[in-house]
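J.: Using the sequences plus the hints, can you model the full thing?
Protein chains in written order, with UniProt numbering: chain R, 1 to 555; chain S, 1 to 555.
Given that identical chains are not distinguished, each listed pair holds provided it fits within a single copy or across any two copies.
Result set (EDC-like, lysine to aspartate or glutamate): computed pairs, CA atoms no more than 16 Å apart in a straight line:
no.	residue 1	residue 2
1	LYS254	ASP158
2	LYS524	GLU15
3	LYS132	ASP177
4	LYS391	GLU380
5	LYS501	ASP487
6	LYS391	GLU375
Treat the hints as calculated values from the structure; they're not laboratory data.
Number of protein chains: 2
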Amino acid sequence: MSSNGATDQGKTTLEYSELQSSRLRVSLPLPEVLRNSFNVIDGPPSSAAGNPDEIVKLFPNLFGQPSAEVVPGVTPTTMSNQSLKIGVVLSGGQAPGGHNVISGLFDYLQDRAKGSSLYGFKGGPAGIMKCKYVELTTNFVYPYRNQGGFDMICSGRDKIETPEQFKQAEDTVKKLDLDGLVVIGGDDSNTNACLLAENFRGKNLKTRVIGCPKTIDGDLKSKEVPISFGFDTACKIYAEMIGNVMIDARSTGKYYHFVRLMGRAASHITLECAFKTHPNITIIGEEVAANKYTLKNITDYITDLICKRAELGYNYGVILIPEGLIDFIPEVQQLISELNEILAHDVIDEGGMWKKKLRSQSHQLFEFLPQAIQEQLLLERDPHGNVQVAKIETEKMLMEMVETELNSRRNQGLYEKQFRGQSHFFGYEGRCGLPSNFDSNYCYALGYAAGALLDSGKTGLISSVGNLGAPVEKWTVGGTALTSLMDVERRHGKFKPVIKKAMVELEGAPFKKFASLRDEWALKNRYISPGPVQFVGPTANDLSHTLMLELGAKA
Amino acid sequence: MSSNGATDQGKTTLEYSELQSSRLRVSLPLPEVLRNSFNVIDGPPSSAAGNPDEIVKLFPNLFGQPSAEVVPGVTPTTMSNQSLKIGVVLSGGQAPGGHNVISGLFDYLQDRAKGSSLYGFKGGPAGIMKCKYVELTTNFVYPYRNQGGFDMICSGRDKIETPEQFKQAEDTVKKLDLDGLVVIGGDDSNTNACLLAENFRGKNLKTRVIGCPKTIDGDLKSKEVPISFGFDTACKIYAEMIGNVMIDARSTGKYYHFVRLMGRAASHITLECAFKTHPNITIIGEEVAANKYTLKNITDYITDLICKRAELGYNYGVILIPEGLIDFIPEVQQLISELNEILAHDVIDEGGMWKKKLRSQSHQLFEFLPQAIQEQLLLERDPHGNVQVAKIETEKMLMEMVETELNSRRNQGLYEKQFRGQSHFFGYEGRCGLPSNFDSNYCYALGYAAGALLDSGKTGLISSVGNLGAPVEKWTVGGTALTSLMDVERRHGKFKPVIKKAMVELEGAPFKKFASLRDEWALKNRYISPGPVQFVGPTANDLSHTLMLELGAKA
Numbered sequence: 001m002s003s004n005g006a007t008d009q010g011k012t013t014l015e016y017s018e019l020q021s022s023r024l025r026v027s028l029p030l031p032e033v034l035r036n037s038f039n040v041i042d043g044p045p046s047s048a049a050g051n052p053d054e055i056v057k058l059f060p061n062l063f064g065q066p067s068a069e070v071v072p073g074v075t076p077t078t079m080s081n082q083s084l085k086i087g088v089v090l091s092g093g094q095a096p097g098g099h100n101v102i103s104g105l106f107d108y109l110q111d112r113a114k115g116s117s118l119y120g121f122k123g124g125p126a127g128i129m130k131c132k133y134v135e136l137t138t139n140f141v142y143p144y145r146n147q148g149g150f151d152m153i154c155s156g157r158d159k160i161e162t163p164e165q166f167k168q169a170e171d172t173v174k175k176l177d178l179d180g181l182v183v184i185g186g187d188d189s190n191t192n193a194c195l196l197a198e199n200f201r202g203k204n205l206k207t208r209v210i211g212c213p214k215t216i217d218g219d220l221k222s223k224e225v226p227i228s229f230g231f232d233t234a235c236k237i238y239a240e241m242i243g244n245v246m247i248d249a250r251s252t253g254k255y256y257h258f259v260r261l262m263g264r265a266a267s268h269i270t271l272e273c274a275f276k277t278h279p280n281i282t283i284i285g286e287e288v289a290a291n292k293y294t295l296k297n298i299t300d301y302i303t304d305l306i307c308k309r310a311e312l313g314y315n316y317g318v319i320l321i322p323e324g325l326i327d328f329i330p331e332v333q334q335l336i337s338e339l340n341e342i343l344a345h346d347v348i349d350e351g352g353m354w355k356k357k358l359r360s361q362s363h364q365l366f367e368f369l370p371q372a373i374q375e376q377l378l379l380e381r382d383p384h385g386n387v388q389v390a391k392i393e394t395e396k397m398l399m400e401m402v403e404t405e406l407n408s409r410r411n412q413g414l415y416e417k418q419f420r421g422q423s424h425f426f427g428y429e430g431r432c433g434l435p436s437n438f439d440s441n442y443c444y445a446l447g448y449a450a451g452a453l454l455d456s457g458k459t460g461l462i463s464s465v466g467n468l469g470a471p472v473e474k475w476t477v478g479g480t481a482l483t484s485l486m487d488v489e490r491r492h493g494k495f496k497p498v499i500k501k502a503m504v505e506l507e508g509a510p511f512k513k514f515a516s517l518r519d520e521w522a523l524k525n526r527y528i529s530p531g532p533v534q535f536v537g538p539t540a541n542d543l544s545h546t547l548m549l550e551l552g553a554k555a
Numbered sequence: 001m002s003s004n005g006a007t008d009q010g011k012t013t014l015e016y017s018e019l020q021s022s023r024l025r026v027s028l029p030l031p032e033v034l035r036n037s038f039n040v041i042d043g044p045p046s047s048a049a050g051n052p053d054e055i056v057k058l059f060p061n062l063f064g065q066p067s068a069e070v071v072p073g074v075t076p077t078t079m080s081n082q083s084l085k086i087g088v089v090l091s092g093g094q095a096p097g098g099h100n101v102i103s104g105l106f107d108y109l110q111d112r113a114k115g116s117s118l119y120g121f122k123g124g125p126a127g128i129m130k131c132k133y134v135e136l137t138t139n140f141v142y143p144y145r146n147q148g149g150f151d152m153i154c155s156g157r158d159k160i161e162t163p164e165q166f167k168q169a170e171d172t173v174k175k176l177d178l179d180g181l182v183v184i185g186g187d188d189s190n191t192n193a194c195l196l197a198e199n200f201r202g203k204n205l206k207t208r209v210i211g212c213p214k215t216i217d218g219d220l221k222s223k224e225v226p227i228s229f230g231f232d233t234a235c236k237i238y239a240e241m242i243g244n245v246m247i248d249a250r251s252t253g254k255y256y257h258f259v260r261l262m263g264r265a266a267s268h269i270t271l272e273c274a275f276k277t278h279p280n281i282t283i284i285g286e287e288v289a290a291n292k293y294t295l296k297n298i299t300d301y302i303t304d305l306i307c308k309r310a311e312l313g314y315n316y317g318v319i320l321i322p323e324g325l326i327d328f329i330p331e332v333q334q335l336i337s338e339l340n341e342i343l344a345h346d347v348i349d350e351g352g353m354w355k356k357k358l359r360s361q362s363h364q365l366f367e368f369l370p371q372a373i374q375e376q377l378l379l380e381r382d383p384h385g386n387v388q389v390a391k392i393e394t395e396k397m398l399m400e401m402v403e404t405e406l407n408s409r410r411n412q413g414l415y416e417k418q419f420r421g422q423s424h425f426f427g428y429e430g431r432c433g434l435p436s437n438f439d440s441n442y443c444y445a446l447g448y449a450a451g452a453l454l455d456s457g458k459t460g461l462i463s464s465v466g467n468l469g470a471p472v473e474k475w476t477v478g479g480t481a482l483t484s485l486m487d488v489e490r491r492h493g494k495f496k497p498v499i500k501k502a503m504v505e506l507e508g509a510p511f512k513k514f515a516s517l518r519d520e521w522a523l524k525n526r527y528i529s530p531g532p533v534q535f536v537g538p539t540a541n542d543l544s545h546t547l548m549l550e551l552g553a554k555a
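T.: This is the structure we're talking about:
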């Protein structure tokens with residue numbers, strides 16, 4: 001391992017706050033099984049999450065391979081004891097802890113495969129395709145230990161999809177003579193990692209591929225991968241803000257705060273933040289979809305509660321809304337697809353004649369929307385001419401619809417207070433915070449484990465660290481066959497492999513616990529304010545409620 | 001002191017996070033001078049901050065009174081050793097630490113004036129006028145120790161202004177037989193406190209009045225009142241978020257984040273957050289006003305820097321904007337006053353003929369504004385029919401103006417990148433956080449000192465704790481004559497007393513330091529991420545940069 005090689009580009013411009021510096025100096029514990037001699041052993045053969053008959057066709061070389069477990073061992077181990085050439089890439093949105101995955105991988109190579117080289121592909125998968133990389137040395141890696149962000153090598157959202165792109169990836173791993181590649185990413189990126197592993201194996205390349213579960217959204221998880229990294233820290237940061245806003249609401253007694261939280265596909269973040277803070281209303285997208293709620297239903301639900309609280313003397317409250325809410329509402333999806341059709345072919349006349357082309361329910365919904373949202377739907381389109389749903393500020397939209405409904409009730413003598421809304425979106429603030437102790441330690445173990453898996457010749461696995469309810473030293477370590485997480489989706493007439501996003505399960509322990517508490521939170525003010533993430537002290541090692549409930553439910 | 005009196009209404013519904021509980025148990029240190037026997041001694045006579053000839057007319061009984069200092073003493077002290085009846089009120093917006101002022105006052109009475117009663121007026125000054133109060137007992141006060149928010153007795157923005165209102169206040173203090181009243185508030189509230197003190201003294205009532213300096217904005221300070229409480233915590237919370245967003249910006253490399261920060265009148269928060277995080281651009285309202293910058297100037301300043309950074313390969317950045325920015329721009333003030341005039345008397349025709357009534361510069365400015373802002377200015381008016389300046393989302397307005405300018409430069413071949421903006425407003429999140437160690441300790445000392453000042457017969461003073469660069473035990477304690485902070489303003493043909501807001505001084509140490517650093521921050525990426533407030537560990541007792549620089553500048 002050359003720690004002062006010619007490619008060493010340790011950024012000298014990094015500056016640190018006192019807390020960042022102090023975090024840098026904190027040493028990282030490893031699970032006991034990784035601290036001593038270990039072997040990597042195979043479990044029973046695996047299948048797929050769905051449609052194994054199709055998965056086996058898509059992954060003929062990898063399908064069915066067993067998951068792996070790291071167990072205490074004595075020499076001779078399954079480890080190579082040889083130097084390795086490994087690449088690593090960060091894929092997709094930031095999540096606190098990514099740097100520690102790289103640190104863990106780096107330290108594995110330092111500890112167990114002396115003389116190895118680690119290459120960091122820059123800017124995400126595009127870095128693999130363009131062979132843009134930096135050699136990661138001690139000087140380069142160390143300054144990012146326990147630090148937030150992905151700025152060590154940055155990330156990107158490109159995908160390796162076409163035959164040409166796979167060829168580029170092959171060229172890169174051949175050029176760098178890579179023994180292995182670690183892909184740190186979400187469900188899509190890990191699917192991609194598995195396709196790369198299959199491709200390399202199919203072509204008899206020596207390069208193995210291991211994935212690592214990253215996403216603040218918490219929607220990449222399974223029995224063997226209990227949580228994705230970043231979720232813990234992001235939720236803690238959002239909950240700090242929500243808790244502060246709650247105490248503010250109770251102190252002023254005159255505002256309803258509508259808080260939108262990151263998490264487009266699944267509502268795990270919103271649910272976890274609800275456990276941490278006890279808001280009056282929490283909208284869970286999966287429940288909205290399951291019950292086919294309309295926007296009017298949701299508006300009424302909120303408005304009813306505001307009226308009930310007014311009767312109890314409370315003219316304030318806090319409402320949590322998942323970022324992806326409107327994607328969960330079937331009628332909105334219908335309206336948007338009709339709008340896309342109309343916008344593509346027709347003229348939007350000022351007189352509104354175009355609206356006659358909408359189906360009756362869609363027309364009704366369109367008229368129900370606040371004017372600003374109507375305009376946004378008609379005016380702001382993406383490069384393909386489609387409505388930009390992601391740009392809609394759902395919290396403001398709901399706030400306005402609730403206000404309109406309250407005004408109408410006031411006119412009927414059903415509501416007498418003055419409604420004042422405040423809207424918030426907590427998103428980017430949570431993706432790059434200093435990782436919590438949990439994410440710091442979890443990521444370090446994930447990265448170290450990825451090194452061990454590669455070193456023992458594994459490919460197509462996702463690094464899996466378990467028993468997370470126990471102290472770090474008792475954590476279990478292994479790798480789960482990526483194909484075992486796969487199902488297929490039909491796109492453009494073809495089967496595509498996908499790792500299904502783990503949604504909030506309405507029959508799961510976390511949602512059920514929430515459902516049993518929310519009525520009390522709604523009318524009584526059970527606010528709790530978790531405060532800022534602490535790195536030392538009694539709260540420093542708290543786990544997320546979601547994880548604890550899921551661990552308990554499985555026990 | 002009845003700790004279980006009939007009026008004890010300790011809220012049993014309060015719930016705590018683990019961190020809140022642990023903060024509750026933390027004991028509060030007192031400055032050494034308050035721990036032992038002490039005397040309160042007078043300094044030299046005082047004058048006024050401006051127009052003493054008018055201040056003496058407005059405060060004939062109080063003008064010129066000396067400031068007071070608490071010094072080590074032996075019995076007989078100036079303390080009464082008798083039980084007291086004291087009222088306390090929280091006035092205006094929340095600031096972290098308010099509960100500890102009350103705790104300090106309460107503990108003073110417990111320690112030094114046994115048998116005393118403390119009444120908390122509910123919902124701000126309206127509570128005084130309506131005699132709405134709660135007796136504060138040990139059980140009532142204790143659960144709020146070191147906790148954020150003002151929810152112990154809540155706050156309000158009413159003012160005691162008219163002769164009828166002063167009469168109501170008199171009735172209340174007579175009814176409760178109050179020896180003293182502590183007003184916890186900002187510049188306005190402390191002016192009001194001084195008027196009450198003058199009024200009570202003029203009418204030979206025994207009720208003394210002591211103020212305490214509260215505001216997260218940091219614009220209530222003087223030589224003897226080095227900082228208002230809440231500023232420290234609020235800036236730390238905002239800076240945590242800004243730091244996170246910065247690392248995100250550096251990691252993705254594709255966003256400019258426009259961050260608006262609370263602070264309507266003065267830009268202290270924005271300046272302090274700049275020191276804590278090193279953003280690429282920081283707009284300081286006071287500098288904008290002093291240089292009579294136009295919106296176009298500010299837009300160009302930002303746009304120029306974005307272009308320069310693009311040349312250096314940076315297509316991202318972070319820009320801090322004070323909430324009150326547009327109040328500092330003379331041309332905007334002019335436009336708004338013209339709009340108010342026109343909106344009051346004329347019809348806004350769709351053809352835009354009404355715009356001819358605007359002066360040429362105002363017309364130009366109006367056309368320069370983004371359409372959404374134009375509409376907001378015309379449509380959203382307060383109950384008096386005036387334009388609602390406070391509702392304008394300055395960060396979005398600037399972002400849009402910058403984008404428009406960049407598009408125009410792109411058309412001229414001067415800018416080639418794609419600009420993507422993200423906007424944030426950090427406001428309510430910072431007002432009710434768990435108070436930092438500094439604010440916890442500072443507030444406790446302020447409250448304890450207020451008790452001592454009242455007990456020694458003082459009135460019309462603001463509780464003053466100094467030598468804040470030293471450890472708590474070495475802090476100095478006293479009271480500053482509120483009249484000495486006063487000047488007059490002419491309103492409706494009359495002189496009104498005001499405590500002038502302490503603005504960012506362009507010749508002061510903090511701004512000068514900032515000005516010497518900002519060019520480097522602009523082009524090099526010197527981001528630092530302060531991370532979440534810590535209550536233990538190496539960063540737990542950090543002071544604000546602003547305070548340290550001001551202390552240094554005075555030394």
